[in-house]
Amino acid sequence: MNAGRAALAAALISLAVVLQASVFDAFAWDGVVPDLALLVVVGAALVRGGEFGMVTGFAAGVILDLAPPADHLAGRWALALLVVGYVAGRVRQDARPGTTPNATTVMVTVAACSFVGSSVFALTGIILRDPAVDFGELLQVIGISLVWDVLLAPLVLPVVMAAFRRLEPAR
Amino acid sequence: MAILTPERLNRRGRLEHPEPGAPKRPTAVALVLACAVLLVLDLTGPALTPARRLLGEVYGPLESAASTVARPLTSTADWFQTQGALRDRVGDLEAANAALRQEVATAGFDRNKLAEYEGLTAAAQNMGYAVVPARVIGYGASQSFSRTVTIDAGSEAGIEPDMTVVNAAGLVGRVLRVSRSTATVLLIVDADSVVGGRVGSSMEVGFVHGNGVLGHAGRLDLELLDQSVVPAKGDTVVTWGSSKGAPYVAGVPVGVVDSVYSSVRDSTQRARITPLVDFSSLDVVGVAVPSGTRSDRAVIDADGKLK
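As you go down the protein sequences, you meet chains S and V in turn.
Numbering follows this note's numbering, in which position 66 of the first sequence is assigned residue number 66; successive positions increment by one, without gaps.
Heads up: take any position in the second sequence, counting from 1, add 171, and you land on this note's numbering.
Accuracy of the hints is not assured; some may be wrong.
Unchecked claim - Below, computed lysine to any residue pairings styled on SDA-like, alpha-carbon distance capped at 25 Å: (1) V:Lys195 - S:Arg5; (2) V:Lys195 - S:Gly4; (3) V:Lys195 - S:Ala95; (4) V:Lys195 - S:Ala10; (5) V:Lys195 - S:Arg165; (6) V:Lys195 - S:Val116.
Calculated from the structure, these hints are not laboratory results.
If we strip away everything but chain S, and leave its shape as in the complex, we get (with noise of 0.2 Å):
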């Protein structure tokens, strides 16, 4: 990983996570913003694959978890968004090789991430008992959440994946 794009990578991260906590709550669906960090991970994946996703994850994740106004364990956000950064590496590698991938697998690569990353989450607070919550409360936000990212995909994830692509060494 070399030093520009980790910065670019650092840069992005940082911008989702200040407008998550502080500009996308005025918009907020039953308290669900957009995961715009999740679609930071799923473009830079989709461009540079799964190693630099997974990386990209977990950092991602670490300032998500430890943030303000952040109050659940830390580690939770880092192993879903992990996660993420794995299964949307995966979507490039299956892809032909040479080949970018198109809108409708981009699309169904966030619905996928936003579910997984989400449901990921929420399975590490079950287990750790972090907050108590209900299932019932647990399946509407996981919906939400991806129902704003499949929404929100279409505005950031070009920008983002356009931003990681000038940035690839020609090979």
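Given chain S's structure and the hints, the job is docking chain V onto it.
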């Protein structure tokens, strides 16, 4: 080592060329282990407090700036309320109006009673709390299942962990941790929050639990210590407070009794409380600090003056 060889046989017996950028197994294992380490560190002790504080110092000012810049934009959300929501609102306001009219009719009696109580309270406990005003600059997302907010006042404004946060309507929550310019507040509707509460009319004490829901469905749950007392609908619940006012100062209104139900399983009386504060639209809040606290901003003192 087999897992590090550049080419290997896959399950179908074909020779597999490693994709550029595919995750290497050692990296994946290291990252998962790092997550586990974080979880264990946070579960077992306060080892991550410095890290949380550091990120608070970095991201607090950023959130503060983003919130300020976006305020003209975010406030437009109120304009796009649906007609149904507005109609509900009119209904609510009409009901509130009727209740207030009724209150005015009995105000004389209440005022005399209040004057007595006030004299008593002032003499008995000169609380002497000043209030540091602050604005909410960040909401914890529902995806995280915990109800916390960031406010734009921190240790420089004289705020410390375990201080009470209020707004004009009533109790908001308590301070969990502070950075230089921001603080994280646990709302009382969080599923993990417990507040010592006292029913205003009977002075009975109990514990108020949150249910983790922010909006109109947000309710608190009051569990009374004395099972023989049944609180009446409409009774106000206030905090009973603890020594030195940490984490909650005494006498702050929390909510109004909405309904009473008995739990058959553990044979307890419980009351459902409607909180006085609208947690989904918090903006200006105040943090109760001891009188005479040094702060980076004007502090509303216990006698109502601005210092």
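Now for the hints, and whether the structure bears them out:
For the hint pairing lysine 195 of chain V with arginine 5 of chain S, the CA-to-CA distance comes to about 19 Å; that is within 25 Å, so the pair holds. This hinted pair checks out: lysine 195 of chain V and glycine 4 of chain S have alpha carbons roughly 22 Å apart, not beyond 25 Å. Taking the CA atoms of lysine 195 of chain V and alanine 95 of chain S, the gap is near 18 Å; set against the 25 Å cutoff, the hint holds. With a C-alpha separation of about 22 Å, the suggested pair lysine 195 of chain V and alanine 10 of chain S falls inside the 25 Å cut-off, and the hint holds.
A distance of roughly 21 Å separates the Cα atoms of lysine 195 of chain V and arginine 165 of chain S; the hinted pair therefore holds under the 25 Å criterion. A threshold of 25 Å between alpha carbons decides the hint, and for lysine 195 of chain V with valine 116 of chain S the separation of about 21 Å falls inside it, so the pair holds.
Violated hints are absent here; each numbered hint is respected by the structure.
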